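Residue numbering for the sequence shown follows our numbering, starting at 9 and increasing by one per position.
By construction, these hints were calculated from the structure, which means they are not laboratory data.
Any given hint could turn out to be false.
As the list claims (entries may be wrong) - Simulated DEER-style distance windows between Cβ atoms:
1) Gly-232 to Ser-75: 38 to 46 Å
2) Gly-19 to Leu-76: 25 to 33 Å
3) Asp-74 to Asp-127: 15 to 23 Å
4) Arg-212 to Pro-64: 19 to 27 Å
What you are looking at is a predicted structure, and each value in this text was computed from that prediction instead of being measured.
Note that CB positions come from ideal geometry on N, CA and C, so glycine has one too.
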Amino acid sequence: MGTRRRFAPLGSNSAGAPAGGDGVPVLRGIVFDMDGTLCEPQNTMFTQMRHHLNIPPQTDILQHIDSLPPSHQSPAHDTIRAIELRYMAAQTPQPGLTTLMRFLDQHAIPKAICTRNFDAPVQHLLEKFLQGSRFEPVLTREFRPCKPDPAGILHIARQWGLGDGDDGEGDASGMIMVGDSMDDMEAGRRAGAATVLLVNEANRELGEHECTDLVIERLDELVGVLEKGFEGREIGGGGLDGDTTV
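Please take these sequences and the hints and turn them into a complete structure.
See below:
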């Protein structure tokens with residue numbers, strides 16, 4: 009028998025208060041990926057990175073760099089940072105971005121970013137398209153281990169005061185992870201968060217993956233979902249697999 013992830017309706021209430029009881033959990037916060045989620049995907053950027061690193065399309069870029077001899081790692085990081093900086097100027101916000109952020113801010117829903125990009129493109133996005141909308145904390149690839157490890161999401165949970173007992177472990181069960189990659193869905197599922205896939209032509213097959221609770225085509229679709237009460241599709245058991253991006 010499968011299970012469904014659910015959160016109480018936000019309705020017209022503020023501060024994340026549920027519109028009804030019935031023991032349905034209250035949403036405690038949302039974590040967003042950046043590239044392909046807050047801004048439109050720049051898939052050719054990753055192609056360029058792999059080309060310059062001379063690695064196959066399915067190879068995880070950060071894992072590859074970590075596997076290099078120490079003397080080669082810094083130049084490799086410099087290479088992909090330079091590519092990110094070139095693509096940064098072409099960032100385009102996702103449709104519905106402003107509407108969703110305004111709704112979350114009106115309801116005092118905490119927001120964070122967990123991305124495998126480095127800090128400059130993230131800061132550029134925030135300053136250009138999201139002024140006045142607070143994300144705290146913002147975790148870039150300097151935070152290790154990166155997605156698909158759940159450590160970043162659990163760290164955010166702890167920062168938000170969502171702890172599991174007295175052992176300092178984060179509790180992400182009241183959170184949603186929104187992203188566009190297998191890394192995002194796996195990290196969210198392993199952390200215990202609900203997961204939302206922002207679907208595009210390149211990732212459509214992930215909509216049926218066991219790690220994906222809900223699929224949307226635009227960010228502002230989440231407004232109606234959260235107003236009525238989040239309810240993911242029925243998910244069965246199984247293992248975790250899939251490709252990653254950066």
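Verification of the hints:
no.: 1; hint: Gly-232 to Ser-75: 38 to 46 Å; in the structure: holds, 44 Å
no.: 2; hint: Gly-19 to Leu-76: 25 to 33 Å; in the structure: violated, 52 Å
no.: 3; hint: Asp-74 to Asp-127: 15 to 23 Å; in the structure: holds, 19 Å
no.: 4; hint: Arg-212 to Pro-64: 19 to 27 Å; in the structure: holds, 22 Å
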